[in-house]
Amino acid sequence: MGELKLMKGNEALAEAAIRAGADAYFGYPITPQSEVIEYLMAEKPHERTGMVVLQAESEVAAINMVYGAAGAGKKVITSSSSPGISLKQEGISYIAGAELPCVYANVVRGGPGLGTIQPSQADYFQSTKGGGHGDYKQIVLAPASVQEMADFVKDGFELAFKYRMPVLILSDGVIGQMMEKVDLFDPIPRLTDEEIVAKYPWATTGKKNGTERRIITSLDLDSLKMEEHNKHLQAKYREVEANEVRYELINCEDAEYVFVAYGSSARIAQKATELARKKGIKAGIFRLITLFPFPTKQMQDLCKKGVKGFLAVEMSAGQMVEDVRLSVSGCAKVEHFGRFGGIVHTPEEVLRAMEQKIIGG
Amino acid sequence: MSMFEEIVKPENLVYEKTRLMTDKALSYCPGCGHGTAHRLIMEVIEELGMEESTIGVAPVGCSVLAYEFMNIDMTQAAHGRAPAVATGIKRVWPNKIVFTYQGDGDLAAIGTAETIHACNRGEKIVIIFINNGIYGMTGGQMAPTTLPGMKSSTSPYGRDVEMMGNPLKITELIAQLPGTYFVTRQAVHTPAAVRKAKKAIRKAFENQRDNKPGLSFVEVVSNCNSGWKMTPNDSNKWMEDNMFPYYPMGDIKVDGQLVK
Ligand SMILES: Cc1ncc(C[n+]2csc(CCOP(=O)(O)OP(=O)(O)O)c2C)c(N)n1
Ligand code: SF4
Ligand SMILES: [Mg+2]
Chain A
1 MGELKLMKGN
11 EALAEAAIRA
21 GADAYFGYPI
31 TPQSEVIEYL
41 MAEKPHERTG
51 MVVLQAESEV
61 AAINMVYGAA
71 GAGKKVITSS
81 SSPGISLKQE
91 GISYIAGAEL
101 PCVYANVVRG
111 GPGLGTIQPS
121 QADYFQSTKG
131 GGHGDYKQIV
141 LAPASVQEMA
151 DFVKDGFELA
161 FKYRMPVLIL
171 SDGVIGQMME
181 KVDLFDPIPR
191 LTDEEIVAKY
201 PWATTGKKNG
211 TERRIITSLD
221 LDSLKMEEHN
231 KHLQAKYREV
241 EANEVRYELI
251 NCEDAEYVFV
261 AYGSSARIAQ
271 KATELARKKG
281 IKAGIFRLIT
291 LFPFPTKQMQ
301 DLCKKGVKGF
311 LAVEMSAGQM
321 VEDVRLSVSG
331 CAKVEHFGRF
341 GGIVHTPEEV
351 LRAMEQKIIG
361 G
Chain B
362 MSMFEEIVKP
372 ENLVYEKTRL
382 MTDKALSYCP
392 GCGHGTAHRL
402 IMEVIEELGM
412 EESTIGVAPV
422 GCSVLAYEFM
432 NIDMTQAAHG
442 RAPAVATGIK
452 RVWPNKIVFT
462 YQGDGDLAAI
472 GTAETIHACN
482 RGEKIVIIFI
492 NNGIYGMTGG
502 QMAPTTLPGM
512 KSSTSPYGRD
522 VEMMGNPLKI
532 TELIAQLPGT
542 YFVTRQAVHT
552 PAAVRKAKKA
562 IRKAFENQRD
572 NKPGLSFVEV
582 VSNCNSGWKM
592 TPNDSNKWME
602 DNMFPYYPMG
612 DIKVDGQLVK
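Just so you know, the protein sequences line up as chains A and B, in that order.
My numbering numbers the first residue of the first sequence as 1 and each following residue consecutively.
My numbering numbers the first residue of the second sequence as 362 and each following residue consecutively.
I should point out that these hints are in silico values taken from the structure, not numbers from a laboratory.
Watch out, some of these pointers could steer you wrong.
To be verified - Chain B side only, calculated, beta carbon under 8 angstroms to chain A, not exhaustive:
1) C390
2) P391
3) I416
4) V425
5) Y428
6) I433
7) A439
8) V453
9) K557
As the list claims (entries may be wrong) - Here are the computed lysine to any residue pairs in the SDA-like style, where the Cα-Cα straight-line distance is at most 20 angstroms:
10) A:K207 - B:L534
11) A:K278 - A:K308
12) A:K207 - B:I471
We put the CB at the ideal spot given by N, CA and C, even for glycine.
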């Protein structure tokens with residue numbers, strides 16, 4: 001049992017980074033996630049745990065600081081919001097290519113372009129289909145509460161180091177800004193330098209006489225070797241798909257109509273489900289926790305139990321819905337509903353969409 | 362005993378390749394300055410006994426494969442981002458020695474922001490900057506340091522400063538920042554220049570070892586005989602006649618004080 005606190009999602013994420021034993025945070029301010037670096041600067045984690053916090057000159061610099069420090073075996077985290085995450089993409093591709101562990105958070109705002117500072121879920125494609133260049137994947141965790149903003153930092157680091165790949169916490173302006181009670185996990189001590197050297201033989205921690213030196217790179221001019229490397233990455237991603245799927249079924253035991261949602265849309269869908277049940281509609285929620293790996297099989301299985309239709313609810317013009325369609329694969333009707341560009345849908349709107357597009361349609 | 366074995370004895374040794382250069386054949390064009398600069402850095406690291414504590418950062422450019430030749434722990438950075446990558450490493454391993462090795466396109470075009478801000482924060486790292494006035498790697502395009510009137514594949518009629526801007530003296534620029542502690546400009550095309558350059562590189566690494574307040578920056582004005590489309594000898598002569606007047610040799614800032 002940790003410590004109970006009332007916090008903003010962004011603050012919970014920042015506090016969790018300190019408690020998870022992170023060695024460094026590198027970031028650049030952008031609304032609606034600036035509280036992350038503000039909280040860290042105010043908390044002086046260098047005094048609490050020795051953690052480094054640095055405001056970089058840009059998101060580009062920040063992600064490359066992450067790349068350097070992660071390559072040197074340290075636990076590193078960064079965060080930003082949509083435009084800043086776009087800037088980080090080259091670095092994330094390098095991190096994936098060089099197989100380095102890191103956690104980063106996107107507190108999504110409406111786009112495209114500078115867009116708006118209001119919440120959005122329109123970065124789903126960027127998060128799950130690549131984002132940067134090349135054939136790579138990253139684990140994507142979607143918190144739906146302030147509690148999960150904290151917990152997923154800890155889980156994210158575990159996954160990042162287990163698979164040596166970037167883990168994205170895909171949040172949004174609602175989760176980042178709202179205040180909720182959070183049960184903070186007990187602090188995990190930072191690894192000592194000696195522990196890092198012993199634990200991560202792949203990291204650039206300085207050459208030891210007689211031992212092989214370490215090289216962190218994503219480059220191989222020999223295409224056949226590059227193909228082998230890509231095959232290795234793909235095998236790793238299949239392993240992640242087999243082992244790390246996370247989701248939550250709410251009211252699905254007898255559900256005929258299922259909302260598929262993640263993050264704040266899952267919270268809204270929860271309210272919509274309550275409203276639906278009051279009207280006698282057997283509604284449930286398939287809440288995605290990992291967006292990659294996507295719970296394809298689990299969604300199929302649920303469908304076969306007698307679901308008549310799925311409504312993909314997301315604050316975008318329709319991105320996640322494509323993966324829902326692929327997963328459901330014709331077993332039931334799939335439609336999309338979502339406000340976007342910074343507008344958050346209401347539970348009433350969500351229920352109406354279910355009634356019109358799925359039940360009545 | 363063959364004559365060879367009689368001669369090759371420790372007491373007859375006058376020059377030995379540093380073991381911090383791998384045996385891999387350099388990928389550089391014959392006559393290019395990159396290889397000499399590599400060797401000097403590795404000699405300094407060996408002489409200062411820093412082999413086990415140094416982490417190098419390779420750029421994108423002809424020296425992208427520096428990690429194949431420099432026999433120490435190395436990280437390969439995205440184009441222009443080496444100072445940020447080095448910052449990340451140094452901040453979490455403050456007791457390690459961290460350096461970047463970068464070309465002019467890498468350091469003074471795409472990576473200008475990272476260069477200036479690493480210098481401005483006074484990161485305790487060493488930056489080795491190979492200025493050959495051209496993008497060697499990608500086939501000889503114009504660099505931020507290409508001289509006025511100088512031909513390249515993207516300034517085929519010579520650099521027109523009205524249209525393409527003036528060559529960027531980024532070394533003089535960063536010397537103005539309080540975060541830089543040692544800023545110098547060197548060359549590696551003659552034995553005398555090599556000796557001076559090595560001394561400067563040594564000083565840069567000593568500054569970091571001694572935790573001196575700020576960044577040490579060594580520019581090496583170098584040739585790109587292939588990109589300049591000259592023989593190695595002609596390119597060195599051309600460099601002396603054209604590059605050196607624009608990029609004058611010598612220290613610019615020593616021990617945190619401007620000397621030029
Ligand atoms: C983001 C990105 N943009 C462009 C390139 C292509 N590119 C590779 S090397 C290079 C220029 C390197 O020139 P310089 O830094 O002067 O190094 P040199 O080869 O002259 O030593 C460019 C433009 C790249 N690899 N990545
Ligand atoms: S292209 Fe120029 S910089 Fe590159 S190796 Fe050849 S001579 Fe050197
Ligand atoms: Mg160049």
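Each hint tested on the structure:
{"no.": "1", "hint": "C390", "verdict": "violated, 16 angstroms"}
{"no.": "2", "hint": "P391", "verdict": "violated, 20 angstroms"}
{"no.": "3", "hint": "I416", "verdict": "holds, 5 angstroms"}
{"no.": "4", "hint": "V425", "verdict": "holds, 7 angstroms"}
{"no.": "5", "hint": "Y428", "verdict": "holds, 5 angstroms"}
{"no.": "6", "hint": "I433", "verdict": "holds, 5 angstroms"}
{"no.": "7", "hint": "A439", "verdict": "holds, 5 angstroms"}
{"no.": "8", "hint": "V453", "verdict": "holds, 4 angstroms"}
{"no.": "9", "hint": "K557", "verdict": "violated, 28 angstroms"}
{"no.": "10", "hint": "A:K207 - B:L534", "verdict": "violated, 34 angstroms"}
{"no.": "11", "hint": "A:K278 - A:K308", "verdict": "holds, 19 angstroms"}
{"no.": "12", "hint": "A:K207 - B:I471", "verdict": "violated, 30 angstroms"}
In summary, the numbered hints that this structure violates are 1, 2, 9, 10, 12.
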